Amino acid sequence: MSSTILFTAGAKGGSGKSTAARFLVTYLREHGADPFLMDLDDENRTFSRFFPEARSVPIKKKSSHDVLVHNALSGNYPLILADLKAGTGREVLEWFLDVPFEELRANQVTFVCIGSITSSPDSVQSFLNWVGELRDQVSYLVFKNLKDGETLPDYEDTHEAIEFRKTLNPSHVTIPRLDEEYQTELERLNLTISELIDSDQLQQGLSARGKPLGDILPQLLVRARLRNFQRRIYQQLDDASHLFFPAQGQKGKGIAHG
Amino acid sequence: MSGLPFQSKLAPFEREIVELRRQRPPFPYRRIVELLKEKYGIEMTINGVFAFLRTRRKWDRRAAAESKTPTPPIHSQGSHSRQPVPPTVITHHPLGSDSSTAPRKRFNYTYSNTYNLTRLTPEEKAALEKRLDEEKGRQT
Numbered sequence: 001m002s003s004t005i006l007f008t009a010g011a012k013g014g015s016g017k018s019t020a021a022r023f024l025v026t027y028l029r030e031h032g033a034d035p036f037l038m039d040l041d042d043e044n045r046t047f048s049r050f051f052p053e054a055r056s057v058p059i060k061k062k063s064s065h066d067v068l069v070h071n072a073l074s075g076n077y078p079l080i081l082a083d084l085k086a087g088t089g090r091e092v093l094e095w096f097l098d099v100p101f102e103e104l105r106a107n108q109v110t111f112v113c114i115g116s117i118t119s120s121p122d123s124v125q126s127f128l129n130w131v132g133e134l135r136d137q138v139s140y141l142v143f144k145n146l147k148d149g150e151t152l153p154d155y156e157d158t159h160e161a162i163e164f165r166k167t168l169n170p171s172h173v174t175i176p177r178l179d180e181e182y183q184t185e186l187e188r189l190n191l192t193i194s195e196l197i198d199s200d201q202l203q204q205g206l207s208a209r210g211k212p213l214g215d216i217l218p219q220l221l222v223r224a225r226l227r228n229f230q231r232r233i234y235q236q237l238d239d240a241s242h243l244f245f246p247a248q249g250q251k252g253k254g255i256a257h258g
Numbered sequence: 001m002s003g004l005p006f007q008s009k010l011a012p013f014e015r016e017i018v019e020l021r022r023q024r025p026p027f028p029y030r031r032i033v034e035l036l037k038e039k040y041g042i043e044m045t046i047n048g049v050f051a052f053l054r055t056r057r058k059w060d061r062r063a064a065a066e067s068k069t070p071t072p073p074i075h076s077q078g079s080h081s082r083q084p085v086p087p088t089v090i091t092h093h094p095l096g097s098d099s100s101t102a103p104r105k106r107f108n109y110t111y112s113n114t115y116n117l118t119r120l121t122p123e124e125k126a127a128l129e130k131r132l133d134e135e136k137g138r139q140t
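In the order they appear, the protein sequences are chains C and W.
Per our numbering, the very first residue in the first sequence carries number 1; after that it's consecutive.
Per our numbering, the very first residue in the second sequence carries number 1; after that it's consecutive.
Certain hints may be false.
Said to hold, decoys possible - Taking lysine-lysine and the DSBU-like style, the derived pairs with C-alpha atoms no more than 35 angstroms apart in a straight line are: (1) Lys125/W with Lys85/C; (2) Lys60/C with Lys39/W; (3) Lys37/W with Lys130/W; (4) Lys58/W with Lys62/C; (5) Lys60/C with Lys37/W; (6) Lys130/W with Lys58/W.
These are computed hints drawn from the structure, not numbers from a lab.
These figures come from a predicted structure and were not determined experimentally.
Start from the sequences, fold in the hints, and give me the full structure.
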């Protein structure tokens, strides 16, 4: 059985890495996939907060990441989504440099590197550090997170980023700026937008997974705005769905969201 | 000379020189010297260009080896007097790379802990995009 390992990489802290991963999880689930979630961020465990079913992997040494490949080769997980530690640096990158990508490809194991770019130059720099080493051994999905500003000059106008876009053909998803109040509430309550809008327990003030929703999020117009926000992101993920569902082409194409 | 080849006046033209030598048949060193003189007014000997590329190959092999061992990134090493190579001229797999292990697509960037991206003017950006599109067109 083939397996795709999606991993968040090279992200500077606060660049929206886990936000991107969260949207991916809920998108994949909405499309019938059941990604195996691995939380390798042993500092924040953000992934586990939002998805308690995520496997928390203790990172004692570089080889702790071997579990990623072991799970892929087990044949039990067609999709693995791994959230790496923010500011993941050289040491984890070196683990990836030991990975025999060609051999794994022959075993139908492929990798998708998920980048998260903001207007912060460091977010671009740290991501390109990974790209510079991994190059075309993996596919790329880049989330352009506009939370800190509408323009991303270091991604749009630098020689290195242009070369990356032109030679390695990454897929892109733009995450617009979300109202801070909603963002704060979602973070505070460890909620995904999907959990909120799919809830059938709104009267009880509970999410689809039984978490409390607070006072703001259950409001009709708030839910409508968040539904639209999520729809815009899902529509872009449709265009990148060949990365997650390689055998089925662009599975998400034409699916109505929301 | 030990250490990394940071000082060469050819550094800004490395990409261009490497591309010329990558052609089949390779662009002769003699013509590269002439071209550098005509285009940029740079006086070099044939041996000078040859030595420049040879040193870069050595540097690249070292970078590849270091990337497999848990050592600090290249730009954090070395003496303070060295100037880092501008990122636009760093090439991962220049002349003589092992084609069996080289990636199918090039991406010319080397790990750095410090900001070293090169912002382009709209004109430079358009020219780069055009060049890369043309290269892609030739490959397909």
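Evaluation of the provided hints:
| no. | hint | in the structure |
| --- | --- | --- |
| 1 | Lys125/W with Lys85/C | holds (33 angstroms) |
| 2 | Lys60/C with Lys39/W | violated (55 angstroms) |
| 3 | Lys37/W with Lys130/W | holds (26 angstroms) |
| 4 | Lys58/W with Lys62/C | holds (28 angstroms) |
| 5 | Lys60/C with Lys37/W | violated (56 angstroms) |
| 6 | Lys130/W with Lys58/W | holds (31 angstroms) |
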